[in-house]
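Using the hints, build the complex out of the two chains.
Residue numbers (this note's numbering), protein chains in the order written: chain C, 1 to 283; chain A, 1 to 394.
One or more hints might be untrue.
Here are the simulated lysine to aspartate or glutamate pairs, EDC-like style, with alpha carbons at most 20 angstroms apart [claimed, not checked]:
| id | chain 1 | residue 1 | chain 2 | residue 2 |
| --- | --- | --- | --- | --- |
| 1 | A | K64 | A | E41 |
| 2 | C | K197 | C | D256 |
| 3 | A | K107 | A | E172 |
| 4 | C | K197 | A | D24 |
| 5 | C | K50 | C | D116 |
| 6 | A | K64 | A | E80 |
| 7 | A | K103 | A | D66 |
| 8 | A | K387 | C | D198 |
| 9 | A | K103 | A | E172 |
| 10 | C | K151 | C | D216 |
| 11 | C | K197 | C | E107 |
| 12 | A | K211 | A | D126 |
| 13 | C | K50 | A | D24 |
| 14 | A | K325 | C | E246 |
| 15 | A | K103 | A | D79 |
| 16 | A | K64 | A | E172 |
| 17 | C | K197 | A | E150 |
| 18 | A | K325 | A | E302 |
| 19 | C | K186 | A | E172 |
| 20 | A | K64 | A | E115 |
| 21 | A | K64 | C | D116 |
| 22 | C | K197 | C | E138 |
| 23 | C | K197 | A | E347 |
| 24 | A | K64 | A | E204 |
| 25 | C | K192 | A | E373 |
| 26 | C | K74 | C | E107 |
| 27 | A | K211 | A | E150 |
| 28 | C | K192 | A | E347 |
| 29 | C | K74 | C | E239 |
| 30 | A | K387 | C | E150 |
| 31 | A | K387 | A | D19 |
| 32 | A | K325 | A | D338 |
| 33 | C | K50 | C | D216 |
| 34 | C | K197 | A | E302 |
| 35 | C | K197 | C | E173 |
| 36 | A | K64 | A | D79 |
No lab work stands behind these hints, which were simulated from the structure alone.
In this text, all values refer to a predicted model and were calculated from it rather than measured experimentally.
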Amino acid sequence: MRFLLTIVFLLSLSTVFAQKRGYSSNSKDPFLNSQWYLGFFAGINLASAKSITSYTGYAPLNYEEASVQKVYNKFILPGGQGGLVFMFYTNGITIGLKPGIHSYSIEYSTNMNWQDSANPNNSLQINYNHTTHFNYIELPLSVQYDLLREKIRPYIGLGGYYGILLDASRTIERSGTDSASGSAGKFSNQPKNIGVKDLYISSSVGIMAFIGASYDPGNIRITLDIGYKMGLNNITNTENRFLNNELSAIGEALDDIQLNNLYLSLGFVFPLKFISKNYSSFN
Amino acid sequence: MKPNRFYFIVALAFFTGCDISDNDISPTSTFVKIYDDNRFEVEYYPLDVIQTADNGYLVLSELKNDQSLFTSVYVLKTDELGNVLNQTEMIAPYANPVNSWSKIGDKYYFICMDENNLIANLVAVDNDGNLANPIPIPGITYPLVSTVDENNLVLLSFDNSNGESVISLINETAQILQQASYSIGAGVEVEKPIIDHLTRNGRELPFSIGKITNGLYYFNGFYNYTFSLVFTNFGSDPTGVCQGQLSAGGISSVSSLGNNVFGISRFNFSDNYINPISNIPTSDITSSIDLGGNIFPEMASEARVKLLNIEQEAKWLYATNTISKQIIIQGFSQNTGDILSTEYVGEGNPFSFASFRITNDGGLVILAKTAVEGRFQRIAIFKRDAKYVRGLLH
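The following block holds chain A by itself, in its conformation from the complex (with noise of 0.2 angstroms):
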């Protein structure tokens, strides 16, 4: 081969393998969408996100009201791209939107109150992000979180007239198909916290519940005097307890890995726990502190956990917000227990982290709320890539 043609060939290899030809990467993979509203007195409290069939996403919101005790009802449907297709303000008397997302069939379940008489109302919305009217729960008061089980859901709620908290399963027609209720203890001091939750007069406090095996419940709430993690089967009394420390100490986050093992992360007073790998009984009762864990000090106080269960990679995934205002990813092994990685998203405007999940590309999809200029507190997505979870994972 002549000297020159050879140069031309490595040189157009070269030429043709250079970056520009690798610089179609789809704005779907990963975005950042921050939501404003020019209205100054608006405030938007972003609860959950949830990717629909189209690869949009729902969002559920509270939204400030001057002119209630309860947060409105606020839900954002938006294309892939993160782009807003479709927005409802519930109108009065639809108030407090509880925790989450929960899909059943083709559809997409919240759980609100009427603020009038209190009681829990189930509403199904489209993939389009249309509501369907609101279905209330007979005698369910104050709910308080709700997650998906199978086809049903399964909701924790507070019955203030008898101070008990309520644990019940319900199909997607708002029939409560099982139902507990366990005593929080009397006393103002129990339930003032709860009240204080509902109108965002105080901490927000990290109500949770799940499902451990067929027939075993958790929820974490109060239960007798204490802020605990409280294992039911649906009986009269509940089968174990991880009590806390009234509302000053106890569990922030869990999930269940079976056999009394969780991932955890806890709180005590204004210090934060993490604790992927937690053994706690289903049948005794524990204390929370027992739990263990690393203390992480740069978590924020009081700030909403959350971890997902990355089933395939055994692997946690640990979100909260830190003390600089920036939302923190952190990837952990289930075997070992082992922190794998860790990833800061947002800075500058402070960010508080509200919910993420994995989306259907393997990405991840976290929600948050921002204070853009540092006054208006507005929700934002921030949509990352599979490589990105790779990273957090390995």
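Just chain C, same shape as in the assembly (with noise of 0.2 angstroms):
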């Protein structure tokens, strides 16, 4: 329902603002000025999370605080999206609504010391290591402009999003050096997985900002985007923060976080208005 309630939203908005422009131009004829397409898209991204506010499940009695936090390591992971083009062209300005399927995945680690007084080579140290996976759908709305008008044309564009959580799960991976049980030898466990949907609110927004460059080689577009998408809302549910047992257990706690990401997206899209066999609403 709130998919379908927002498509409408939008393809509503743009309808308006269509028109407006088509008839605003200086064209004698709106409909020679302008472009429907209908395509697809796919591409690859790397996200991060921006922590906000930093939450930790640990209390240090006799030790700094700083040491048990989260360290983030950013646009490390590869994620990917895919889904439909819908765009109206008119004047070298492109409204575009690109809902699709957006997989992200961010990073974190921390580390715990414990080391016997009497003895220092009496030592633990273990390091856990959190990787979160989310699939969002999504639905950007963008505006870009064409900064050249030839067969190639590089873009400019901006936009924001409205995501909704599908799914999300964490793999924690604990490794250290355990020097306490008559070796100093390394060691890792094998990898758990746990699903943590209800950790992260449903909603996701943010702005994002692109170039990229079209491609008309006949009556198809070809698109190529990069772009950084940087959210504006907490994921994080921070009624559930604490309540997963498995991760308060090892002293998780999940921070306050806005998720980023940096895109890159390869679309298809086809003109919907054939008025002649040569002739091309691009120009």
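Okay, structure coming up:
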């Protein structure tokens, strides 16, 4: 229902905008001065979590809390996206709606150390590496401007998006060095996977900026976008932050985070208005 | 209304009503804190938690002490988010803190022991977690358990020279107002479980103490060779006794509803039972086996059990730990005895229940011991909100 409502909303806005632009154009025939496109896109992304407020389940009694804070590894893990493209073009400006599935992965690690006061060689160092995978259905609305009107057209664009969380899971890897068990051997345990959808809210909103280029070999437009999406809201569910038994047992508490990502998308769109065999409405 | 405007209003209502605007729950309402110490050899054994006037928490804990037969005393003060504000490890000879906090006026009291002369000491703690000088309670040795009784404390202790369980009513200046002593029976078989309990070399026995009505008290401790629920008006003999099975059977937690009605849990060798509505005559000699109740196989043997009386709801909250090393909290009706809910807390690292209390915001604070990385015994606090408590009671 949310998805349908949002599509209706965005399409109605773009329709209004398209009509206004069309009739205010200098062209004598607005029909010839615009084009609708339908197509699809796919690409990859590198995500990062920006910590707004940090939380930890550990309260150190005799050492600094900073030593148990999370260390985020930014723009490391690849994700992917794909979906449909609806675009309206007129006079060098393109309004695009690209509903699709977006997968993001973020990573952080924490460290803990214990040492025997009488025998410093008796120690344990533990590292937890947390990788969280998100799947969102996103509804981005963008406006882009063609810098040139040639066969290959570079453009710049801005937009915003609304995402709905479909699923979230976490992989926890535990490793370390245990010098208290008769050896100084390093160890690593089998990664553990848990569902964490309840730890995040459903909604994600943000803005994006991108550059790209399109190429029109014929009755198809190929687009390549490189962009940055910046989340504007805290996606952590503040009510459930501490409620996952498995995570709280190892001192984990989710930070308030915003989700950002760099993305690269390749799109193929097809014009919906074919005026004549030789006519191009791109001009 | 034009269709586009209608869509716009619908969509605006949708966006503003979504979960982003609701996502600002205070971190004071729900949190988990594990109080870690990076020293390999240190072990904490938490006893009780109480919320202070500033909505922070005071934690009373034992601390393993290799230099003494008894555990040391550790007091932790946190803010309302569970962050450490103040901590005190009492130096020798103070040791062996007993079970709980007692709030009298604006102070929080606990009882510990001077390990040199075995005399009980009363310690006052202020809102900020600062400890006053301990006050010896004359003639009372081996304190076992205490609780608040209006503006006084009622204390169960063990007199090893006479082989007696001693119940005392004391005020906040450690003056004894009333006292009675009852023989535990002669022989080392009776005394050994008590000493093992005190030195933590054996089973932690479920000593408890409380008040039924004005002038009538109970204690759960040793009397006449058995671990028994003893009713007393500070007379020379108990008014009634609910006998256990030496130290292998008896009552593991008890709270009075008045008119001889109690909520209890009991143990019989390795079996654990809960009876939320238990009729125990306070002027007869009965047996804990006759109290019946439903067996709860998931409850860990010899685990600490506590129950909270949620008076306004006429409900009990029971908490203990399971054989799978989780904390289990269950709601029961005081009218029908029906179980209302079950919640589990903790997973992965083992958790042992220590204590719980209702908080100022109607939530629940649960004190636990956890073994971080499966080996380091540490204090943990789980704070849950009022919604969680409502879920337990309905």
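Going down the list of hints, with the structure as the test:
| no. | hint | verdict |
| --- | --- | --- |
| 1 | A:K64 with A:E41 | 9 angstroms, holds |
| 2 | C:K197 with C:D256 | 15 angstroms, holds |
| 3 | A:K107 with A:E172 | 9 angstroms, holds |
| 4 | C:K197 with A:D24 | 18 angstroms, holds |
| 5 | C:K50 with C:D116 | 36 angstroms, violated |
| 6 | A:K64 with A:E80 | 27 angstroms, violated |
| 7 | A:K103 with A:D66 | 31 angstroms, violated |
| 8 | A:K387 with C:D198 | 17 angstroms, holds |
| 9 | A:K103 with A:E172 | 10 angstroms, holds |
| 10 | C:K151 with C:D216 | 6 angstroms, holds |
| 11 | C:K197 with C:E107 | 16 angstroms, holds |
| 12 | A:K211 with A:D126 | 26 angstroms, violated |
| 13 | C:K50 with A:D24 | 17 angstroms, holds |
| 14 | A:K325 with C:E246 | 13 angstroms, holds |
| 15 | A:K103 with A:D79 | 18 angstroms, holds |
| 16 | A:K64 with A:E172 | 28 angstroms, violated |
| 17 | C:K197 with A:E150 | 47 angstroms, violated |
| 18 | A:K325 with A:E302 | 13 angstroms, holds |
| 19 | C:K186 with A:E172 | 55 angstroms, violated |
| 20 | A:K64 with A:E115 | 14 angstroms, holds |
| 21 | A:K64 with C:D116 | 15 angstroms, holds |
| 22 | C:K197 with C:E138 | 16 angstroms, holds |
| 23 | C:K197 with A:E347 | 18 angstroms, holds |
| 24 | A:K64 with A:E204 | 15 angstroms, holds |
| 25 | C:K192 with A:E373 | 15 angstroms, holds |
| 26 | C:K74 with C:E107 | 7 angstroms, holds |
| 27 | A:K211 with A:E150 | 10 angstroms, holds |
| 28 | C:K192 with A:E347 | 14 angstroms, holds |
| 29 | C:K74 with C:E239 | 26 angstroms, violated |
| 30 | A:K387 with C:E150 | 62 angstroms, violated |
| 31 | A:K387 with A:D19 | 18 angstroms, holds |
| 32 | A:K325 with A:D338 | 25 angstroms, violated |
| 33 | C:K50 with C:D216 | 38 angstroms, violated |
| 34 | C:K197 with A:E302 | 37 angstroms, violated |
| 35 | C:K197 with C:E173 | 19 angstroms, holds |
| 36 | A:K64 with A:D79 | 25 angstroms, violated |
When held up to the earlier numbered hints, the structure conflicts with 5, 6, 7, 12, 16, 17, 19, 29, 30, 32, 33, 34 and 36 and fits the remainder.
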